[in-house]
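**Q** Sequence:
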Amino acid sequence: MHQQFKHQLTQLLSLLLCFWAFHLRNTPVAAQSITPAADGTGTMINHNGNTYHIDGGTQAGANLFHSFVEFGLNPDEVANFLSNPQINNILGRVTGSNPSIIQGLIQLTGGNSNLYLMNSSGWVFHQGASLDVPGSFGVTTASRMGFADGYFNADGANVYSNLTGNPTSLIFDQDNPSWIINEADLAVNSGASLWAVGGGIVSTGTIAGGEVTLAAVPGNNQVRLSHEGMVLNLVLDAAPAGGNNNSITGIQSIDIPRYLTGGNNVGHANYAVIENDGTVRLVNRDTVIADGDTVIAGEVNAEDITLMAAGRVKPTGYDLVSSNPLVVLFPEEIGDNLETTFIDEGINDYQGEDAYHAFLYGGKSGTISQVVTHEEGEGISTVTRRLAAIAQQGGKVSAIHLLTEGNEGNFWLGRDYVDSENIGEYQQELQQWGEALTAGADILLYSCFTALGLTGEQLIIALAQYTGADVAASTDLTGSEALGGNWDFEVTTGEIETGLGFESQVLADFTGKLQVFTAGNDAELIAAIDAANINAEADTINLTGDITLTAVDNVTDGLNGLPSIAADGGNKLTIDGMGFTIARGAMAAPFRILHIAGGAELELNNTTLSNGVAARAGIQGSGGGIFNRGTLTLDNSTVSGNTANTRGGGIFNYGDGANGATLTLNNNSTVSGNMAVFGGGIFNRGEAANGATVTLNNSTVSGNTADIRGGGIVNRGNVENAATVTLNNSTVSDNTVTMYDGGGIVNRGDAANAATVTLNNSTVSGNTADRDGGGILNDGRNATNAATITLSNNSTVSGNTATYGGGIYNTGYNGADAATVTLDNSTVSGNMAAYGGGIYNYGDGADAATVTLSNSTVSGNTAIVNGGGIYNYGYYGANAAKVNLSNSTVSGNTAGNIGGGIR
1 MHQQFKHQLT
11 QLLSLLLCFW
21 AFHLRNTPVA
31 AQSITPAADG
41 TGTMINHNGN
51 TYHIDGGTQA
61 GANLFHSFVE
71 FGLNPDEVAN
81 FLSNPQINNI
91 LGRVTGSNPS
101 IIQGLIQLTG
111 GNSNLYLMNS
121 SGWVFHQGAS
131 LDVPGSFGVT
141 TASRMGFADG
151 YFNADGANVY
161 SNLTGNPTSL
171 IFDQDNPSWI
181 INEADLAVNS
191 GASLWAVGGG
201 IVSTGTIAGG
211 EVTLAAVPGN
221 NQVRLSHEGM
231 VLNLVLDAAP
241 AGGNNNSITG
251 IQSIDIPRYL
261 TGGNNVGHAN
271 YAVIENDGTV
281 RLVNRDTVIA
291 DGDTVIAGEV
301 NAEDITLMAA
311 GRVKPTGYDL
321 VSSNPLVVLF
331 PEEIGDNLET
341 TFIDEGINDY
351 QGEDAYHAFL
361 YGGKSGTISQ
371 VVTHEEGEGI
381 STVTRRLAAI
391 AQQGGKVSAI
401 HLLTEGNEGN
411 FWLGRDYVDS
421 ENIGEYQQEL
431 QQWGEALTAG
441 ADILLYSCFT
451 ALGLTGEQLI
461 IALAQYTGAD
471 VAASTDLTGS
481 EALGGNWDFE
491 VTTGEIETGL
501 GFESQVLADF
511 TGKLQVFTAG
521 NDAELIAAID
531 AANINAEADT
541 INLTGDITLT
551 AVDNVTDGLN
561 GLPSIAADGG
571 NKLTIDGMGF
581 TIARGAMAAP
591 FRILHIAGGA
601 ELELNNTTLS
611 NGVAARAGIQ
621 GSGGGIFNRG
631 TLTLDNSTVS
641 GNTANTRGGG
651 IFNYGDGANG
661 ATLTLNNNST
671 VSGNMAVFGG
681 GIFNRGEAAN
691 GATVTLNNST
701 VSGNTADIRG
711 GGIVNRGNVE
721 NAATVTLNNS
731 TVSDNTVTMY
741 DGGGIVNRGD
751 AANAATVTLN
761 NSTVSGNTAD
771 RDGGGILNDG
781 RNATNAATIT
791 LSNNSTVSGN
801 TATYGGGIYN
811 TGYNGADAAT
821 VTLDNSTVSG
831 NMAAYGGGIY
841 NYGDGADAAT
851 VTLSNSTVSG
861 NTAIVNGGGI
871 YNYGYYGANA
881 AKVNLSNSTV
891 SGNTAGNIGG
901 GIR
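In terms of this note's numbering, the sequence shown opens at residue 1 and continues consecutively.
Just to be clear, a hint being listed does not mean it is correct.
What the hints assert, rightly or not - Cβ pair distances, simulated, as ranges:
hint	residue 1	residue 2	range
1	Thr109	Thr438	42 to 52 Å
2	Gly156	Asn855	49 to 59 Å
3	Glu333	Gly156	26 to 36 Å
4	Ala389	Gly156	28 to 38 Å
5	Asp277	Ser886	57 to 67 Å
6	His47	Asn794	33 to 43 Å
7	Glu333	Asn794	48 to 58 Å
Worth flagging that the hints you see were computed from the coordinates, not collected in a lab. For glycine and all other residues, C-beta sits at the position ideal for the given N, C-alpha and C.
Turn these sequences into a full structure, and let the hints guide you.
**A** Dropping the structure here:
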């Protein structure tokens, strides 16, 4: 859906370019795309082929200034700014009345300078535009850049000798500053900043950097800059005297509905609709493009992202922004109160499916919104740091909105659990909050039952005393009306003057409740799971400490220390360990930690599960840590030190019914140090179509041990489409099989397309098998494509050891292409075996085993006997074992006897 919308909006922006061309057709245009201004700045252009070398200029301290009449690039053209190690910042202005349309490359050479460009008529980065700048990069439609002792004006004279040091502000003297539009893929280095500041922002391309700021600011204002890299302050000031008000109009003089529809609604109404009130929205979308908006229809990736708007911040999809951004909605008038909103990341769907359904983007004007993560050190201190930053910038906060989860007499914020008994531990920080607040400021706690009872009353009174603020909180369910909730605050201290901090539609669309269970010991955790299993709602349990399990709770599929997670009407249970561990006690009888029933859904966040033991025989002896028949997601969690008597020392994922079993590991999750007979880390078993699926995203399976097969992972399917494992940007390493096969991964299929493993930009390394397949064993039997493994996108199999097939052992039996291994743009290197140091391909039956390499490399592998790179052996039948190479390399491998490359 995002791609379709991106295509539509790209066509709309192309219409904008056409309109600009029409609007400017009677304006004299230089033959060159880039023309220096004859204003004494001294900018010189050396036009060599498709490259404009930009030299000269005026230096002031460590700043170098340039001035252009026109600045644009056609496809394949390059603007090369020449620098040197003594230049910190190169700053350029465009004085003509044309917007800068960039379709080529902007680069900077000769130094590690930052590059900042100013054109008050607007910027468009068209498809194909790109950056090659070693430092930070920024564009603005400001009319002036402020320095400590003067201004760099977008038009007119400048006293460059006064413009030393870093810029301190961007000043918009216009009533309606011009827009910045990006359709390209723009990126700077991870340690640099990329920013765009104008009257409106639309990005359908991608933007990436260490810090990214996209800001649509109101006219007649200045935005101050905090430090090197030019991070914007959160507080607006009035534009200082000295500007030429409204001398530059840019694209704001163009009728937005007109150019979106191509003029007079002719021919382009399928892309945009003009409402009766004159507003414009995109067809089939609720997204309105209006003055002061920051519209994001392409990915934004950075460690720190700030999104600002005089109107609204409007991502068209919740997954377009890579990290939790700071969202700033400027107040309607300078001097209006600022309010802050802190959103606990444990709240379901806080990002919403788009800007119209998201707490993060759905604040009211004058609100600064921030997500409080569950990482170490985040919580009350997150608020303290943000309020201090606002105060340092000259701002004061009139209200704090805490969108958190809680229960009677408590609430959670990030890693911090706050109740009437421990709030005194936060007294010093809460008093610091008060220093950043206006007189009579309000704190609103949006959590369930927090003010209920004596403990709730004591908590609210203490919060008010420590901060000096008026406090409001609830004694009942806060959230969706359908669940019995509301958005009322039944208990207040003092006079609450602020209203709810969110647009009414955001509150109306929220389908959850802001309630959480809290557990600090085994009895509380068991009681919380039991309660969640029967209330037919999505629930969350947060841990306040390590949990030690001492007894068996139930005997579902074996012995379990916790209640089995039930199929609660399709509602998900989330357990957030907050960094704590759930473990079987050292002296307790053997039992696994956790069981998920068919149709149930569990998400484990920031949790470690350890020391579980599945000691029974057969299926009941599977899954030492977890036995999953439902849907299980691990996020930044660890399963370690567990043991199974049969399958899946860490996790047994078992799909044998209509619901199937789905296991997903995300965000640095780890399965390590577990033991079993089969599948030391994970055993994925499918006995029905689409029965069992495992996906690893940025996760690791390491240091696990199996006696017979699959030190790291076993994927086993016996009917079509039964078992699937996918690794994305993940690692399987240092796992061991003590007796037989598949040190890292075993893929076994006994029917057509029964077992499939896919590795995308992933690594299998340092694994050991006593016999076959140190890294990977692919075993297909009795049908076409019974077992299939695909490695692509720079995947690597390296440093593994076995007797046969140090890196990969592919064996097919009794079926054409029963076992297939495909490598595309991948590498098998540094592995060791007696036979087939890199790859051993064994076929028993006509066309039984096939290995295909495309754009791949097999190098640096060692065979003690034969086949240093690849050992290909057909036992019985025509073409029993086949190796196909396309644009691939087999080199630098060694063998003690025959076939250093291929045997």
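**Q** Against this structure, judge whether each hint is valid.
**A** Structure-based check of each hint:
no. : hint                        : result
1   : Thr109 / Thr438: 42 to 52 Å : holds, 50 Å
2   : Gly156 / Asn855: 49 to 59 Å : holds, 56 Å
3   : Glu333 / Gly156: 26 to 36 Å : holds, 29 Å
4   : Ala389 / Gly156: 28 to 38 Å : holds, 35 Å
5   : Asp277 / Ser886: 57 to 67 Å : holds, 60 Å
6   : His47 / Asn794: 33 to 43 Å  : holds, 39 Å
7   : Glu333 / Asn794: 48 to 58 Å : holds, 53 Å
Checked against the numbered hints given earlier, the structure satisfies every one of them.
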